[in-house]
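Novice: Protein chains in written order, with my numbering: chain E, 10 to 351; chain X, 10 to 351; chain D, 10 to 351; chain L, 10 to 351.
These are computed hints drawn from the structure, not numbers from a lab.
Here a beta-carbon is modelled for each residue, glycine too, at the ideal position from N, C-alpha and C.
Hints should not be assumed to be uniformly reliable.
Claimed, not checked - Computed Cβ-Cβ distance ranges for the label pairs, DEER-style:
#: 1; chain 1: D; residue 1: N301; chain 2: L; residue 2: P60; range: 36 to 44 Å
#: 2; chain 1: E; residue 1: A163; chain 2: D; residue 2: N301; range: 28 to 36 Å
#: 3; chain 1: L; residue 1: Q309; chain 2: D; residue 2: N171; range: 52 to 60 Å
#: 4; chain 1: D; residue 1: P115; chain 2: L; residue 2: N118; range: 54 to 62 Å
As the list claims (entries may be wrong) - Interface residues of chain D toward chain L, partial, derived using beta-carbon atoms under 7 Å:
#: 5; residue: S12
#: 6; residue: S106
#: 7; residue: L242
4 protein chains.
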Amino acid sequence: MYSFKNDYSEGAHPAILNKLIETNLVQQAGYGEDEYSTEAKNILKQKLNNPDAKIYFVSGGTQTNFLVIAALLRPHEAVISADTGHIFTNEAGAIESSGHKIIPIPVKNGKIKPEDIACILKVYNSLNTVKPKLVYISNATELGTIYSKSELSALFEFCKSNNLYLFMDGARLGNALTAHDNDLRFSDISTLTDVFYIGGTKNGALLGEAVVFNTSELATDFDYIVKQKGALLSKGRILGIQFLELFKDDLYFSLAKKANDLVAKIINAAKEKGYSFLAETSTNQAFPILPNTLIEKLSQQYSFYVWEKIDKDFSAVRLITSWATDENMVDEFVGDLKELGV
Amino acid sequence: MYSFKNDYSEGAHPAILNKLIETNLVQQAGYGEDEYSTEAKNILKQKLNNPDAKIYFVSGGTQTNFLVIAALLRPHEAVISADTGHIFTNEAGAIESSGHKIIPIPVKNGKIKPEDIACILKVYNSLNTVKPKLVYISNATELGTIYSKSELSALFEFCKSNNLYLFMDGARLGNALTAHDNDLRFSDISTLTDVFYIGGTKNGALLGEAVVFNTSELATDFDYIVKQKGALLSKGRILGIQFLELFKDDLYFSLAKKANDLVAKIINAAKEKGYSFLAETSTNQAFPILPNTLIEKLSQQYSFYVWEKIDKDFSAVRLITSWATDENMVDEFVGDLKELGV
Amino acid sequence: MYSFKNDYSEGAHPAILNKLIETNLVQQAGYGEDEYSTEAKNILKQKLNNPDAKIYFVSGGTQTNFLVIAALLRPHEAVISADTGHIFTNEAGAIESSGHKIIPIPVKNGKIKPEDIACILKVYNSLNTVKPKLVYISNATELGTIYSKSELSALFEFCKSNNLYLFMDGARLGNALTAHDNDLRFSDISTLTDVFYIGGTKNGALLGEAVVFNTSELATDFDYIVKQKGALLSKGRILGIQFLELFKDDLYFSLAKKANDLVAKIINAAKEKGYSFLAETSTNQAFPILPNTLIEKLSQQYSFYVWEKIDKDFSAVRLITSWATDENMVDEFVGDLKELGV
Amino acid sequence: MYSFKNDYSEGAHPAILNKLIETNLVQQAGYGEDEYSTEAKNILKQKLNNPDAKIYFVSGGTQTNFLVIAALLRPHEAVISADTGHIFTNEAGAIESSGHKIIPIPVKNGKIKPEDIACILKVYNSLNTVKPKLVYISNATELGTIYSKSELSALFEFCKSNNLYLFMDGARLGNALTAHDNDLRFSDISTLTDVFYIGGTKNGALLGEAVVFNTSELATDFDYIVKQKGALLSKGRILGIQFLELFKDDLYFSLAKKANDLVAKIINAAKEKGYSFLAETSTNQAFPILPNTLIEKLSQQYSFYVWEKIDKDFSAVRLITSWATDENMVDEFVGDLKELGV
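Put together the whole structure using the sequences plus the hints.
Specialist: So this is what it looks like as structure tokens:
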């Protein structure tokens with residue numbers, strides 16, 4: 010049974026494990042003050058072309074969202090998110106647990122637009138309601154779609170005009186930036202958002218996300234929040250090493266591209282067979298709408314999520330690949346998709 | 010400059026790194042549902058002789074304390090702790106950030122007694138005050154001391170009679186249980202506390218603490234809390250592997266004992282030279298009271314904390330060893346301690 | 010300019026003010042331990058036919074919802090509410106500020122049904138999501154509608170089968186129970202919910218809501234929560250006196266009925282003129298759909314909320330009456346409604 | 010049995026009750042937008058000589074402290090308070106429930122000094138600890154003592170130099186400002202603190218405290234916090250009327266002075282008899298140290314708190330007077346104090 014359920018079924022890229030071994034007995038300062046973390050941060054600031062950026066390494070995506078939002082908002086301030094947003098659907102109420110309401114925008118493809126936010130601002134305009142203060146987006150989105158440069162620029166401009174923070178969840182940022190139809194550069198993210206994070210866990214790391222505040226002022230005392238919420242690792246060196254290896258030679262992007270390319274094989278095969286899709290994606294997720302009979306057959310050899318019932322005969326499924334996905338298994342899956350689907 | 014500042018200056022025991030490499034590309038379920046975590050939990054339940062225990066792996070000590078206390082207490086309930094307790098002095102207000110007051114007990118040696126708690130209960134007895142509900146202890150304590158079986162039994166009995174939970178912070182539990190003067194067995198911890206954790210980070214792991222609820226009822230929905238506070242790793246396999254390697258053959262205890270033995274050399278040398286101590290310890294921490302002139306000399310070659318000023322000529326310092334400490338460096342330090350101290 | 014905007018534009022029923030004066034200099038214990046509060050609670054328990062009920066007097070509706078939900082839920086537990094629910098739309102994120110997500114059910118008439126909740130439970134079924142634990146309803150609802158006995162019974166039964174608390178917001182409970190089509194008795198509320206509150210502020214009191222836990226166990230330590238969140242008045246006597254006067258002779262119900270009867274005049278006049286309604290109501294709120302031209306004319310003499318745009322010519326307005334509404338002004342309004350509406 | 014236990018045993022000054030009756034049926038906007046509140050705020054700003062002040066009326070003291078601190082602090086920021094401070098000892102963990110640690114300073118007379126704070130800042134200086142950000146003082150203190158102008162100036166200057174807010178709890182501000190040895194004017198409070206509150210409940214009001222932010226910037230969105238925590242009364246007129254009556258003619262100060270003068274009779278009598286005091290007070294509280302035998306006799310006719318055991322024969326008691334205290338009963342008490350004490 011081969012799994013296409015998620016992009017964290019395997020461990021880490023060997024370069025990272027090797028570096029862990031190589032540096033294992035070198036004494037280092039704790040709590041992220043080690044030299045690997047420092048070096049990784051410097052490389053990132055250089056690649057982002059943003060010397061004023063403040064960077065923090067933490068362990069996971071929910072943790073990152075929880076910390077950033079807790080750090081930026083006052084008690085009565087709220088978050089605007091797509092109703093497909095990870096914070097709204099999949100984080101066990103983490104944001105609310107820090108006291109903040111999430112105001113969802115109903116979306117089809119995982120993306121939000123300035124006019125959606127404008128509608129929210131009209132309703133949430135008195136002290137009977139919470140005060141919207143931060144816009145949360147994901148890139149790639151939870152549906153595998155991406156923001157274009159013009160879309161992101163429009164969002165950021167709208168946020169700035171309306172005194173809102175723009176926060177990008179980059180759990181799959183590598184996949185977004187290496188999508189064939191992407192026109193955003195890595196450094197653009199640093200000029201078109203207030204804060205974002207670079208997902209490591211789903212793209213080659215054992216664990217680890219890099220939070221980037223694009224101005225140092227926004228990051229004021231963020232280290233206190235990280236410590237207070239239990240997110241500061243004693244051996245911060247582990248996280249530094251992940252990002253050092255991923256970014257010293259653009260491994261991060263080549264791994265993400267590989268994942269995109271692998272799922273593209275599945276997407277193309279499904280298109281060839283005439284299947285439609287729940288969302289048009291160019292990153293490492295595919296949401297083909299398949300006959301239930303085919304789904305049943307495929308399920309005997311592959312694990313994946315049945316995402317949404319479409320009608321009595323068809324359902325959308327989700328298939329994910331990663332840097333660690335076995336290309337042979339993708340090819341086998343493609344073969345089965347074509348043959349078993351009558 | 011060799012460091013005796015803490016027990017997390019190095020990486021992980023090689024057995025753990027090897028296992029990470031060996032299992033790296035095996036696909037596993039996420040979020041702690043992997044087979045290494047399952048196996049590690051089974052081994053722990055067996056060694057604790059407690060099949061009803063519920064075990065969770067998380068990343069760090071502050072995180073563990075934050076999660077356990079948030080899970081067990083209602084909003085108005087408070088924690089009783091020694092004023093040296095890690096949650097009171099060193100966690101950036103983590104416990105208060107989840108809404109709970111910590112009531113400190115002034116102590117000399119890091120340990121608390123039933124009569125200390127009884128005094129608190131007399132004062133905190135109306136709804137003007139918070140309601141004490143959980144007693145937090147550390148073993149080994151932050152001052153390197155340990156609880157004897159009779160001390161722990163008395164505390165637990167008192168807690169049970171007064172409707173209080175007893176929670177043991179075991180960041181250095183291995184050091185406590187392998188101290189030469191310890192009379193608690195590993196399985197005793199499971200019968201003499203309500204909940205405790207087994208520290209991995211400071212004893213051989215890259216990261217990781219194992220929370221043990223001694224009855225399954227107390228653990229109800231703890232997994233929700235772990236997820237909500239951002240503490241659930243996607244690749245939970247990493248944590249499972251740490252504890253699998255540490256406990257499948259008692260590596261955990263041999264590493265801890267090694268650390269204890271190393272610092273004992275320093276303790277003995279200091280005693281030989283006639284120095285006294287801030288606290289009598291038998292675990293991996295030493296608090297000798299040294300002349301400031303000696304401290305200055307030692308500081309040129311070794312890093313360690315000057316813990317407390319004693320008088321104008323003397324200060325207590327803290328020296329810590331771990332499984333990874335270089336015995337040669339301990340011997341050199343011992344030599345310098347003897348020679349430089351005129 | 011006469012106001013039909015809300016039911017808290019005036020002060021208190023004279024009986025209450027008289028009692029305040031009469032008892033003003035009698036020394037009483039503070040914090041709700043006064044004899045008026047005790048007597049009022051006894052009367053309520055008797056009228057509710059529930060000697061095991063635990064009753065607390067607090068100041069306002071948002072405060073009540075905030076306290077009850079904070080007291081009953083663990084950190085990861087969530088509230089289910091109609092999307093018209095006061096806690097969802099009008100309380101500035103009070104519930105989220107105590108850490109709990111509200112899961113909204115889209116409704117037309119302010120009411121929710123067991124099948125709505127069942128749908129939520131299907132989606133919120135893993136630890137990625139919060140755990141639904143409490144169902145919040147209002148009676149009368151924010152749209153002036155009421156629950157019948159069979160509807161409430163079905164809801165309560167469903168909640169009990171699914172381990173959910175049922176909490177009724179009774180800010181306008183008096184209006185609901187005196188509606189001409191109501192079939193619930195006051196004491197039914199105590200057997201068909203877990204906890205509810207009796208709104209005083211909108212029905213004769215200067216301020217005050219009575220929280221009723223229908224079993225003493227649910228109320229455990231609620232007084233701590235009241236104190237902790239700043240809701241315990243030093244001079245609790247003030248709140249006791251409100252409920253003593255309102256309930257010693259059923260003043261509460263006669264005031265509510267008067268309000269219902271007054272708005273019924275408006276409803277009948279609107280029906281006579283052929284207008285339709287946003288919601289069919291029998292309590293003290295009316296939501297007629299009127300021509301914008303008429304609304305403009307009426308607005309010159311009366312203040313009220315334009316609730317919702319219906320189409321280019323028509324809007325729904327909200328008109329509210331209370332025990333203190335001047336019947337002459339209602340009659341004038343009715344006259345204007347008939348005459349000005351061409 | 011006459012009570013000297015507290016200063017909230019009776020209702021409100023008759024002027025307030027009369028005004029409530031007089032205005033009872035006048036329609037007013039809700040939520041503090043009524044004309045009485047507006048007028049009261051204007052009067053206060055004038056008397057404080059601070060047109061930029063922002064004023065809010067809420068119901069009680071714990072509520073006020075809870076709101077102000079929640080509004081001003083970020084999650085990792087903490088409060089410094091005397092260990093006798095109301096927030097530390099008597100508010101059921103309200104401050105911690107909003108996520109903030111209170112760092113206590115041990116004091117004898119209820120007052121804190123710049124050097125006390127300086128000591129705290131030295132210890133709380135890294136991200137292992139919380140970050141002190143607000144200094145909480147009471148005037149009059151919980152022990153009945155007061156701050157002189159030079160003391161308050163020194164504190165405020167220290168706070169400003171160290172980027173700390175200074176917040177004064179004025180539950181008994183009237184008593185402080187009318188003490189015979191006070192040299193602070195009402196308007197000084199507005200220049201020597203960042204925020205303070207004027208206690209109504211203990212000085213003539215049915216309920217109500219007036220929060221004063223001395224600069225409008227500090228008050229940003231405070232109304233949201235008030236609403237969110239359930240502290241915004243629908244009938245805000247009630248609170249406005251309390252402060253309108255108390256301040257339109259300095260009733261507030263004459264009532265406070267009366268209370269001070271009454272307890273002074275007791276203090277003088279105790280001095281005459283040679284008794285000493287737990288604290289030297291000039292406000293409406295007295296803490297004489299009396300023989301236990303005398304305490305027992307007095308307890309048969311008067312209720313008051315036995316505050317602290319001094320030795321086997323003596324205890325300190327607390328006696329409080331208010332504007333409503335019956336002077337005849339004070340005289341009787343004085344007589345009994347002199348006669349019964351052999």
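Novice: For every hint, state whether the structure bears it out.
Specialist: Hints, one by one, checked against the model:
1. The beta-carbon spacing between N301 of chain D and P60 of chain L, approximately 42 Å, falls within the hinted interval of 36 to 44 Å.
2. Separation of A163 of chain E from N301 of chain D is about 34 Å and conforms to the stated range, judged on CB atoms against 28 to 36 Å.
3. A C-beta distance of roughly 57 Å is found between Q309 of chain L and N171 of chain D, which places it inside the suggested range of 52 to 60 Å.
4. At about 60 Å, the beta-carbon gap between P115 of chain D and N118 of chain L stays in the expected band of 54 to 62 Å.
5. Nearest Cβ of chain L to the Cβ of S12 of chain D: about 5 Å, under the 7 Å cut. The hint holds.
6. A least Cβ separation of about 5 Å between S106 of chain D and chain L falls short of the 7 Å threshold, and the interface hint therefore holds.
7. Nearest Cβ of chain L to the Cβ of L242 of chain D: about 6 Å, under the 7 Å cut. The hint holds.
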